[in-house]
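Trainee: Spelled out, the chains give:
6 protein chains.
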Amino acid sequence: MNATLVPNNSLVTATPEEGRQLAIKMARLVIKATQPDEAVRGRLREVYANDAAALIQIGHVVALEFATIAAANGYWRS
Amino acid sequence: MNATLVPNNSLVTATPEEGRQLAIKMARLVIKATQPDEAVRGRLREVYANDAAALIQIGHVVALEFATIAAANGYWRS
Amino acid sequence: MNATLVPNNSLVTATPEEGRQLAIKMARLVIKATQPDEAVRGRLREVYANDAAALIQIGHVVALEFATIAAANGYWRS
Amino acid sequence: MNATLVPNNSLVTATPEEGRQLAIKMARLVIKATQPDEAVRGRLREVYANDAAALIQIGHVVALEFATIAAANGYWRS
Amino acid sequence: MNATLVPNNSLVTATPEEGRQLAIKMARLVIKATQPDEAVRGRLREVYANDAAALIQIGHVVALEFATIAAANGYWRS
Amino acid sequence: MNATLVPNNSLVTATPEEGRQLAIKMARLVIKATQPDEAVRGRLREVYANDAAALIQIGHVVALEFATIAAANGYWRS
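Residue numbers (our numbering), protein chains in the order written: chain A, 5 to 82; chain B, 5 to 82; chain C, 5 to 82; chain D, 5 to 82; chain E, 5 to 82; chain F, 5 to 82.
Isolated chain A (complex conformation) (with noise of 0.2 Å):
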């Protein structure tokens, strides 16, 4: 399976829910390819999801990917 690790290979997007949306796939989609059985995925989701800690690291993650795409769309000003 050819795991892709930015959808569409693009940072652009039309709007910034639009780059959220992409930060938080980008996030996950390393987690994937770190740990690509989707069974141990499941059961770790059951963890973090239950963790405040996690919860919040996992904001913190988004935060940063989505710096680099609100950078890459000129954090669409016009």
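No lab work stands behind these hints, which were simulated from the structure alone.
Quantities reported herein were computed from a predicted structural model and do not represent experimental measurements.
Heads up, a few of these hints could be off.
Copies of the same chain look alike in the list, so a pair counts if it works inside one copy or between any two.
[To be verified] Here are the simulated lysine to aspartate or glutamate pairs, EDC-like style, with alpha carbons at most 20 Å apart: (1) K29 / E42; (2) K29 / E50; (3) K36 / E21.
Starting from the known structure of chain A, arrange chains B, C, D, E and F on it as the hints suggest.
Mentor: Quick look at chains B, C, D, E and F alone, frame taken from chain A:
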């Protein structure tokens, strides 16, 4: 329910104060998207609101979201 | 009570020292917004002020807030 | 053995997907330089691939490497 | 006592080495402002100076302070 | 002994590979400045070189140092 990740689908705000409010909201909406169950989030809120390390990490994420929003707004300089 | 997240609603400061003070205040105000109960914050302060890891993490958040403030002020170069 | 830290000694890639692959490789090569023993790294891989917090932290590092690579490539805009 | 957060109230340094020294000092001065009791800081120093994770985190904060100082100095390029 | 925090007192390197080596060295030199006792550092090395979380955090710090070095070198583009 159509969860919105970026309120008003824009990073532009009138003032730094509003930019900061947006940063807090965007950080929360990622957590909501990751853990949609409101009852679970309520329990976790009790945890992180009473844990020094977790509160500092929340501050970290907000600071990172704000960095992007501030850049998007040209730091509200003029 | 109308919590202010950015004192004076501006990232502009006269000097780096004042920028650093603003970074510390902004970091604290996010924690205050997340945990508004002053008694709880007082207890947590006892924890983090005596914990090496927590103090380092506070330094991390302040450094990140300061990066944004410094950029907003053109690094106080001239 | 002459460990290479940056494959092809360049941050330039043709696409975001390849930039992301480079980010993952560069993150791994630092760990390899710090812990050159392949057997130890194999054992640790078992640990982090089954630990939610560790996987999220790996995602964090990749996001940071990618931010640099994306800037180096002008975000593959044109 | 009037704690100074930025020595000389300036981010400008003559060289990268001095910029790095400033980064270390600025990181320490935030911790001093948060925990002003010298005896407590002395005890905590014993902790973090002998803890691998804490030392790495200190390195992290210094790297972030340095990023800002380096940008302020145009990376000492010319 | 006059510990040097930035080898050659410059962020300029000929190639990304050398920039990456500089990032690793600069990260190590901060730890050396914080814990000058070589015997202690040797013991801690045993700890972090066999701990997945610590190795990932080292990768994180190196990525951040490298971001600054890469910017200082205009990403070695031309």
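Trainee: The structure should be examined with respect to each hint, and the outcome stated for every one.
Mentor: For each hint, the structure was consulted:
1. K29 / E42: within (16 Å within a copy, 22 Å between copies)
2. K29 / E50: within (18 Å within a copy, 24 Å between copies)
3. K36 / E21: between (23 Å within a copy, 15 Å between copies)
Of the numbered hints given earlier, the model fails none.
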